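Protein chains in written order, with this note's numbering: chain X, 2 to 313; chain A, 48 to 341.
Keep in mind that the hints were calculated from the coordinates and are not lab data.
Remember, it's a predicted structure, so these values are computed and weren't measured experimentally.
Just so you know, not all the hints are guaranteed correct.
Below, a sample of chain X positions facing chain A; criterion: calculated Cβ distance under 10 Å [what the hints assert, rightly or not]:
1) Gly118
2) Pro132
3) Lys242
Pair ranges (Cβ atoms, derived) [what the hints assert, rightly or not]:
4) A/Val204 - X/Tyr72: 27 to 35 Å
5) A/Ala110 - X/Pro63: 41 to 49 Å
6) X/Val37 - A/Val85: 31 to 39 Å
7) A/Leu176 - X/Ser205: 13 to 21 Å
8) A/Ile116 - X/Thr76: 32 to 40 Å
9) A/Ala168 - X/Pro63: 58 to 66 Å
Glycine is no exception: its CB is placed at the ideal position from the N, C-alpha and C atoms.
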Amino acid sequence: MSALTQSAPAAAQSDAAPEKELRPPSYWPFVVPALVVVLAIIIFPWVFTIWMSLNEWKVGAPTTFVGISNYLRLTSDPRFLEAVGHTMVYTVLSVVLPLILGTLSAVVFHQKFAGRGFLRGIFIMPMMATPVAIALVWTMMFHPQLGVLNYLLSLVGIPAQLWVFHPATVIPSLVLVETWQWTPLVMLIVLGGLAAIPTEPYESAQIDGASFWQVFRFITLPLIMPFLFIAGMIRMIDAVKSFDIIFAITQGGPGSASETINIYLYSVAFTYYDLGYGSAIAVVFFLLIVALAAVMLYARQRMLWTEIARGA
Amino acid sequence: MTPSQFKPSQIEPSQINPSQINLRQIVGQIGLWLSVLVIVSPAILFFLWMASLSLKFEVDNAAYPPVFIPEHFAWKNYADVLASNRFLTYFVNSLIVTGSATALALLVGVPAGYGIARMAAHKSAIVILIARITPGLSYLIPLFLLFQWLGLLGTLVPQIIIHLVVTVPIVIWIMIGYFETTPMELEEAALIDGAGRWQVFRHVALPIARPGIAVAFILAVIFSWNNFVFGIVLAGRETRTLPVAVYNMISFDQLSWGPLAAAALIVTFPVLLLTVLAQRQIVAGLTAGAVKGG
């Protein structure tokens, strides 16, 4: 690495000197060290993962080329299919809830009030804090007998819940943590959108006597739509991949009630050390995320076109 | 722009009775502060409760109804965690892994961001998008084998290398964005005066980019420090980073909540402090990255 960074300036100077007037594209030497790193830690793992997914590859056993049989095995693996279902439910909830709450929070943070910067710092603490540390405290709060959440529920007359300790409530409970953690990111993105809105539409709405809700629905919302879309996309990518919170709180349990694709991938690869099959899951998982992103992009395009068609 | 802009005074100042304005403004202010309170309280209450758990003896942590502020603070929870030999080792491990991964990422990422921005090679950023989309575990499988083959497991090197997966894309991404906004005029002037590209970068572009580097540094440190998934696979008993160490404490001390919460707070405290102190840079970095990320 050090050799590369040292040779970079020399190369830059030598070809800059003779052809100064031509402005040769001599910025490449700046990129080369990073390119080497990216090749080694991002591209190489990808290529190797694809190769491994075509092999029967277990730690401590000889590897054999098996073609696409790992992929075929996925289609009839009930645990994988179940994990896909869990991932979908978890993802949809973990996109929609932070989007709604984040937008509302952004509208509030867009106002001027004393200590706004400091309070914004507090507000984003959940997303910056170490996920495992957070997960640990949530686990204590979810505790059915000693946890503070059931105590809070009892104050408003709601019976005690089992939270992450019951198959029916485990995913919503984890979504609660995920929403608490990631609403701030949506807020920040939407806040950026609100800051970019021109004031003219609001002035005319004011003259027309529009209500607060009408202003939000017909002016603010359409104008921040691009930002909401980006926030939704990022949230989708992160929610599908969510690992730390689920692993630290439930490890996919009880039973396999909260086992998402990522958690299952971990078990296959690093509990059973079935690396070939794990690689196939990783490839399909990646393609699934890309497909979801593509569907969202397509839906967004369709929305734009219908808006244009309507003359909006 | 916002409800606060709909001050009645902007409509027709002369037609409105001044006491009405005041009342409406006061109601608006109260409503605003109530909403601020509502949206900030989940974060505040959570971290206060975390602090409370970490400062209580077991009796208080097992009490029902729960005790928020105990009569006696259990400072010994912190003392116990800090006094254990291992915890210091893990702290040093975290410092080494995060420090090295961030330093290396800045070393290669800042020039790369500069080069990509100046060449306007935006397509190369697709690699970074792919890195953003890829689940961390898919890097782990091949790199785990590679490290095993190289005989590096059991040292901190695998973790430093794999943390580059987190830090390098962050640094490159933020630096591309930053260098695109810095003025070209100075650099062009320096080039005409006969400076080489490297000299221009070193003496003109780099000093101007210092705020951008600060943002990249802060975010790389935080996301590397918080990383958990790479550690659980690659760390051995002696090479755990703090998040992995805390996770392993859960299985050991299932029932002693005080020390566990204290450990959790110690792990995340540096990050929380950084968040509040550098919230301006963090917000700038996250929104720039996010908005461009779409």
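Against the structure shown, which of the earlier numbered hints fail to hold, in ascending order?
5, 6, 7, 8, 9
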